Amino acid sequence: MSSPSSYYIPHEAKWPIIGSIALFAFFAGFASLLNGGGWIVMALGAALLVYMMVRWFGEVIAESENGQYSAQVDVSFRMSMMWFIFSEVMFFGAFFGALFYARTFSGPWLSGLGEGGAAATNAVLWSGFDYVWPNNGPEQLGDNYTPMHWFPLPVLNTLILLTSGVTCTIAHHAIKHGDRAKMVRWLLATCALGFFFVIMQAVEYYEAYAHLNLKMTTGIYGSTFFMLTGFHGFHVCMGAIILLIVMIRGTRKHFSATNHFAFEAAAWYWHFVDVVWLGLFIFVYIL
Amino acid sequence: MSLTSRLSLLAVLSLGSFAARADINMPVGVTPISRDVYGLHMLIFYICCVIGVAVFGVMFYSMFKHRKSKGAVAADFHESTLVEIVWTAVPLFILIAMAIPAAKTLIAMEDTSDAEVTVKITGYQWKWHYEYLDSGIEFYSNLNAEHNAARQVGSGIDVSQFDNYLKDVDNPLVLPVGKKVRFLHTSADVIHSWWVPDLAVKKDAIPGFINENWALIEEPGTYRGKCTELCGRDHGFMPVVVKALPAEEYDAWVAENTQAEEAMIADSGDGASAAVAAVDDDREWAMDELVAIGEGVYAQQCASCHQADGAGIEGAFPAITGSAIATGDHAAHIDIVYSGKAGSAMAAFADRLSNSDMAAVLTYQRNALGNAVGDTIQPSAIKALR
Amino acid sequence: MSTAAAGHHDHDDHGPAKGWTRWLWTTNHKDIGTLYLLFSLVMFFIGGGMALIIRAELFQPGLQLVDPLFFNSMTTMHALVMIFGVVMPAFVGLANWMIPMMIGGPDMALPRLNNWSFWIMPFAFLLLLSTLFMEGGGPAGGWTLYAPLSLQGGDSFAFVIFSIHFMGISSVMGSINIVATIFNMRAPGMTLMQMPLFVWTWLITAYLLIAVIPVLAGAVTMLLTDRFFGTSFFNAAGGGDPVMYQHIFWFFGHPEVYILILPAFGIISSIIPTFARKPLFGYASMVYATASIAFLSFIVWAHHMFTVGMPLAGEMFFMFATMMISVPTGVKVFNWIATMWRGSMTFETPMLFAIGFLVMFTIGGLSGLMLAITPADIQYHDTYFVVAHFHYVLVPGAIYSIMAATYYWMPKWTGNMYDEKWGKIHFWVSTVFLNVLFFPMHFVGLAGMPRRIPDYNLQFADWNAVATIGAFGFGFSQLIFVYVIYKCIKGGEKATDEVWEGADGLEWTVPSPAPYHTFEKPPAQYS
Ligand code: HEA
Ligand code: HEA
Ligand code: CUA
Ligand SMILES: [Cu+2]
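Protein chains in written order, with our numbering: chain A, -5 to 281; chain B, 62 to 447; chain C, -1 to 525.
Hints in this document: simulated from the structure, not taken from any laboratory. Small disclaimer: the values here were computed from a predicted structure and weren't measured. Where hints are given, some of them may not hold.
What the hints assert, rightly or not - Below, in silico cross-link-like pairs of lysine-lysine (BS3-like), each with a Cα-Cα straight-line distance of 30 Å or less:
(1) C:K422 to B:K126
(2) B:K129 to C:K492
(3) C:K519 to B:K129
(4) B:K181 to B:K129
(5) B:K241 to B:K165
(6) C:K519 to A:K8
(7) B:K304 to B:K165
To be verified - So the derived list for chain B, only partly shown, Cβ under 7 Å to chain A, looks like this:
(8) I157
(9) S202
(10) F270
(11) L277
(12) E279
For each residue, glycine too, the CB sits at the ideal point set by N, CA and C.
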């Protein structure tokens, strides 16, 4: 099927350039905000971006539902989604890399363990600093804090996400058998779990700030902790929204047993978020 | 044998004599390591020349022989596993031949054990600070003042009158000949890199970390280098000068300066001597006294950014003259110097200046450089913060 | 289903839309390719203009023209513009034009995304270039944005970070599109090992991009949070490390330099066989060599950091791994020469640029090999020797390959032959000045001139003056290039379909200029 007799060629598209303008406003506005300016430009940019996405995706959905896409287009979409997820993996890789580097190199070095100038570093600059993980550095940035324990919230969150992976798979099986109603039901469960996860994470952050004195400014531990869990949480939100949209489309009689790429893309994304969480759970919370 | 190989020999030889010139090649240097590095450099350079001559020789031969205008007809071969293997294997062997001496030199470079003298070198924007850990001597090393005046944009001073333009400092690092010297490199603000080509020492100064390196200088002399890691506006203007003295002269220098250092600590209340400092910091200092000390501190510590006349640099460093902070409330003025301003080049001077020096420079800023607030900031006010 | 689709809706416009909005809204790979190429050309003059400011200040010792801070922001911007605004977009533009034609596809796999990938670029650069007019000036910490220096930037800092995110989005989307195109849009019957090398090298480049651009995004995001949100990734007091930034940056940065050269390899692999009238020697080993280079590029990053104080074992590893890259690169060079060997060569402008590439890239590669030798690199590092190295691989490397490609394919794009005489003049003038410009940098570098300095000792004066003369000569000779392009677009001798006597490949089977939609139906079964 992927060798069609004629190719699909879309007509002109106005959304991309609007998207560029939106991103421009968003970025420029965000930068000004950071420099002490107002937030309006940024908000306008974000709003336009959302509007653009809604309209652009709307068009794509309409075309798909009209059966304008050949099997070849479908394959293109699949590949793109796959490699997009791979690029996201690499993005997380940078932060995991930072975590590993801080734990295996900079921390021990500062406490005098290692070749070269490590001993001198500790003796001359930071005497008294003993490396343990977690730590907030030789100057104890952010003062005393309590590390986040892996129990109970993170364990609960792990269970939530794992369960949501299962519900998502059940939904997938349902649509593969053409049972749209069942798909919608199980997707609802998946989304609910996703949002529950986000709420739990918010609770965890509240705990951290309010009771543990664990903040972004808590040295390298706080930095890696919030950066990794924060970006992950953001991805969970995105994933849940995507699943929600897929669910709503399901209620509008979109998708069939053979044509449900959007569902699969969302599911892949969801599993990716899941796997990243497992990495987080192991390396951020447990080890 | 063939014309090509004879030509290549000629080319290599002429390149060789060319390369031996000091103004276009790496210096041989004055340490065992620098000589090794130079030898390694020339070895890989020659190997590269030979490869280049061979590759380009074949290519140009083909370009002359196999051209359509000469009636060449294209052959049709396009594969040969054998030659592919050969030209994968041969370069591999060449690389191994290069890697062995390289690895040996590298191992020797990294061995900092058994040093007799240890110097801690701290990079600042934009000067060096040297601290002899064995004798306690310490001092800053700034770009030579004349050069500094000449290098300003539109100074109108002809720089070609200075032989060592931008390569001369007020206080060179003095080192002994024939002793293994260990360097500890670090930085107080951004990354710098301390480089003296003749010693083959180049090591980054990383804030918060210490890197080690060493040199064994074999000939007395003056060796000049530069900061080689981009460190901001005046990165090009923080030279390194090493003065290598024969062992006895070096010892004499150390003896002399150790005394001077002690004397200095005794009368200026430098933070190094807490007991003396404590006494001084509590008394009420006179304005003249503070301004006099402050002038020196300002020239040493602040002028590189805020400029000698306090005018600052538009867009980069605020002017002190007429500055709201420097003519306003004491707390804010003290705070910006004591704690610095995160995310800017304005560093915290809490650990760099003694109570009296900081009070002096603050008072100086308020009452000189075109400002005339008329009040003083006392060392006791700084002491209270610690 | 697909036939139904074809009859069903209104995509049947066979020519370009009317009016200037065509360029804003186009989904046609050729239009988008053209936009990329023109954008890149404009940026080349902007980035080159900055280089000329640098060279003018360095013409003689003493500071004559600019403040040191502005000088630093010129080097920083020059590099960012040249890398992200010139070479990468030019390669993407060529990919857009040529890949669908070379593989017999209708267009890129995701045409609307393609439009977005392009239209991000002007906005991203608007964001970047606008910082030059901000309080505190543009970014001045070098294109590598090393912490903690980059954190000292003024208002420009956040804008620069976001402009990098912005360009990154474009690069990743563009690369995904290329991967999908190559895997999914090939003419029926064309196997991977039948694809032209340009397609192969781009496929591998696209993977490099997808893998490392997000890492760069992560690195600069950490800079951002260190500056604005109080994290301590690169701050020792909090347990972080400035060197960590360098590791992450170069994990991106080294593959990035191969991103800047692999497509060039593909172009050269197309041009040399054409003008030697002989098939490419060792096609399969070329593919494997490209893949090996890409693989090795992920494990050599710390050769940019030999002076940061890595453990000995690390330095050894990165030295050996870096040296290894010479082997597959050598295979490529040897294969090109073997392709020329016993061919029937002519030397039209594209071939001249290809040969210029071959010679001067090899010179740059050999100096790269010298840099790989750690103990020697400790002397070379951060001197003009390094500047000489990378300009030899970038200017007569990447830039020459882009020029060669332009001359080679322009007749296909415009339907007109370019002016051969002026093309040749462009080559010779450029090549002479280029060496006057960059060769002396080896000398001053070895003699001890650090890079990124606005002023220097008299000892370096002569060679710097020479280099500056070369820079202005090289810069202004690029106006010839613009002239030739302009003339070729305007008219000229009509090009034949095959254009070059020895040309081989699907792109030469379609008319010149190539029709707006090259293949609306898959071309006849491929081989
Ligand atoms: C297109 C871009 C490009 C390319 C292709 C290369 C190719 C190579 N580079 Fe380069 N490099 C840069 C762009 C590039 N580089 C840039 C931009 C910087 C500076 C960044 C910055 O700091 O701002 C840099 C810096 C840089 C450094 C750091 C220097 C320093 O800062 O101290 C090093 C060190 O190892 C290095 C090495 C190499 C090597 C070994 C290759 C190899 O790939 C070269 C291989 C090629 C050959 C060797 C020639 C052909 C081979 C033969 C003819 C076969 C026979 C050969 C042998 C047997 C040896 N490069
Ligand atoms: C693809 C990348 C690329 C390209 C093409 C170039 C091209 C050039 N580069 Fe660049 N360069 C880099 C990448 C590149 N460079 C990088 C990565 C750095 C490191 C930065 C860092 O340290 O952070 C660097 C640094 C660098 C330096 C070192 C700065 C320093 O360390 O202080 C110098 C100095 O001479 C230089 C010069 C040049 C010159 C003269 C050209 C010439 O080839 C340019 C040719 C000139 C033109 C094309 C101009 C044409 C203009 C006119 C005809 C006038 C009309 C003008 C207008 C209309 C505006 N470059
Ligand atoms: Cu200090 Cu450069
Ligand atoms: Cu590299």
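Hints versus structure:
The straight-line distance between the Cα atoms of C:K422 and B:K126 is roughly 21 Å, inside the 30 Å bound, and the hint therefore holds. Using a Cα cut-off of 30 Å, the hinted pair B:K129 and C:K492 holds, with the two alpha carbons roughly 24 Å apart. Note on C:K519 and B:K129: the hinted pairing is violated, with a Cα-Cα distance of about 38 Å set against a maximum of 30 Å. Taking the CA atoms of B:K181 and B:K129, the gap is near 67 Å; set against the 30 Å cutoff, the hint is violated.
A C-alpha spacing of about 19 Å is found between B:K241 and B:K165, which places the hinted pair at or below 30 Å, so the restraint holds. Using a Cα cut-off of 30 Å, the hinted pair C:K519 and A:K8 holds, with the two alpha carbons roughly 26 Å apart. The straight-line distance between the Cα atoms of B:K304 and B:K165 is roughly 29 Å, inside the 30 Å bound, and the hint therefore holds. Annotation: interface hint on B:I157 violated; nearest CB of chain A at approximately 25 Å, more than 7 Å.
The closest approach between the C-beta of B:S202 and any C-beta of chain A is roughly 19 Å, which is over the 7 Å cut-off, so the hint fails. The closest approach between the C-beta of B:F270 and any C-beta of chain A is roughly 5 Å, which is under the 7 Å cut-off, so the hint is satisfied. Interface hint status for B:L277: violated, as the beta-carbon distance to the closest one in chain A is roughly 18 Å, over 7 Å. Annotation: B:E279 was flagged as interfacial toward chain A, and the flag is violated, the nearest CB pair being 25 Å apart, outside 7 Å.
Comparing the model with each numbered hint stated earlier shows that hints 3, 4, 8, 9, 11 and 12 do not hold.
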